[in-house]
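With the hints as extra help, turn the sequences into a complete structure.
Numbering (the working numbering), first residue to last: 440 to 611.
A portion of the hints provided could be inaccurate.
Said to hold, decoys possible - Once the Cα atoms are required to be at most 20 Å apart in a straight line, the calculated EDC-like pairs of lysine to aspartate or glutamate come out as:
(1) K570 <-> E551
(2) K499 <-> E451
(3) K560 <-> E509
(4) K532 <-> E505
(5) K535 <-> D466
(6) K535 <-> E563
(7) K455 <-> E509
(8) K493 <-> E443
(9) K516 <-> D559
(10) K488 <-> E458
(11) K455 <-> E563
(12) K455 <-> E536
(13) K455 <-> D507
(14) K485 <-> E458
(15) K481 <-> E536
(16) K481 <-> E509
(17) K568 <-> E552
(18) K532 <-> E572
(19) K445 <-> D486
(20) K535 <-> E551
(21) K442 <-> D507
(22) K488 <-> E443
(23) K481 <-> E443
(24) K568 <-> E509
(25) K455 <-> D486
Calculated directly from the structure, the hints in this document are not laboratory data.
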Amino acid sequence: MKKEVKDTIIVELGQKITEYAHFYLVDVTGLNAEATSNLRRKCFQKDIKMVVVKNNLLHKAFEASEIDYEPIYGALKGNTAVLFSNTANVPAKLLKEYTKEGIPALKAAYAEESIYVGADKLEELSSLKSKNEVIAEVVALLQSPVKNVVSALQSGAGTIHGVLKTLGERPE
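Written as structure tokens, this is what we have:
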């Protein structure tokens with residue numbers, strides 16, 4: 440591969456690293472062509488960009504970045520695919536579906552501005568909440584007291600109305 444092509448690939452990888460907020464490094468050593476194609480299809484369905492890269496070029500793209508990715512450098516061995524995503528837990532949930540076969544295996548990840556190294560971090564990564572999930576929880580928590588007050592007022596209004604109606608219908 441010519442130096443110009445390598446430089447272009449490094450620049451493109453650097454752009455993807457800055458474009459996407461989260462990425463996962465995955466070992467795809469045991470995947471055949473059909474399994475790789477299925478993985479790519481599932482990634483596409485879940486809005487994940489999958490790129491198979493040379494470890495050396497990815498290492499250079501990391502070095503050119505403003506963020507220090509040094510803890511990830513040790514994971515750059517063997518066949519590596521990078522799963523780029525804007526939602527932190529989506530690639531982890533996808534990889535969790537594959538854990539029965541053990542392929543592809545998680546090498547490392549950069550999610551929520553933290554670095555995770557090792558396949559044992561997959562459970563932790565899949566339990567991360569996305570921004571939309573956190574917002575939904577906060578809204579639900581904020582709505583809960585209001586719903587309780589409204590419910591109490593409505594049930595009280597029914598009770599007061601029932602008592603007044605009964606008193607009004609009572610013969611004197």
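Quiz item: Quick one, are K455 and D507 close enough, alpha carbons at most 20 Å?
Solution: 16 Å, holds
Quiz item: Keeping to a limit of 20 Å between CA atoms, is the pair of K493 and E443 held or broken?
Solution: 15 Å, holds
Quiz item: Straight-line Cα separation of K488 and E458 no greater than 20 Å?
Solution: The hint holds at about 11 Å.
Quiz item: Given the proposed pairing of K535 with D466, does the C-alpha separation stay at or below 20 Å?
Solution: It holds: about 14 Å lies between the C-alpha atoms, which stays within 20 Å.
Quiz item: Does K570 pair with E551 here, judged by a C-alpha cut-off of 20 Å?
Solution: 10 Å, holds
Quiz item: Does the structure keep K532 and E572 at a Cα separation of 20 Å or less?
Solution: 15 Å, holds
Exercise. Starting from K560, check that the Cα of E509 is at most 20 Å away, please.
Key: The given pair, whose Cα atoms are some 18 Å apart, holds under the 20 Å limit.
Quiz item: Under the criterion that the straight-line Cα-Cα distance not exceed 20 Å, is the pair K455, E563 satisfied?
Solution: Cα-Cα ~24 Å, so violated.
Practice problem: Below or equal to 20 Å on CA atoms is what counts here, so check K455 against E509. | Solution: Cα-Cα ~18 Å, so holds.
Practice problem: For the pair supplied as a hint, K445 and D486, confirm whether the alpha-carbon distance does not exceed 20 Å. | Solution: 26 Å, violated
Quiz prompt | Pair hint K442 and D507, alpha-carbon separation not exceeding 20 Å | solution = Violated. K442 to D507 sits at ~25 Å, over the 20 Å cutoff.
Quiz item: Are the Cα positions of K488 and E443 separated by 20 Å at most?
Solution: Distance ~24 Å between K488 and E443 Cα, so the pair is violated.
Hint violations for this structure: numbers 4, 11, 12, 16, 19, 21, 22, 23 and 24, all remaining hints satisfied.
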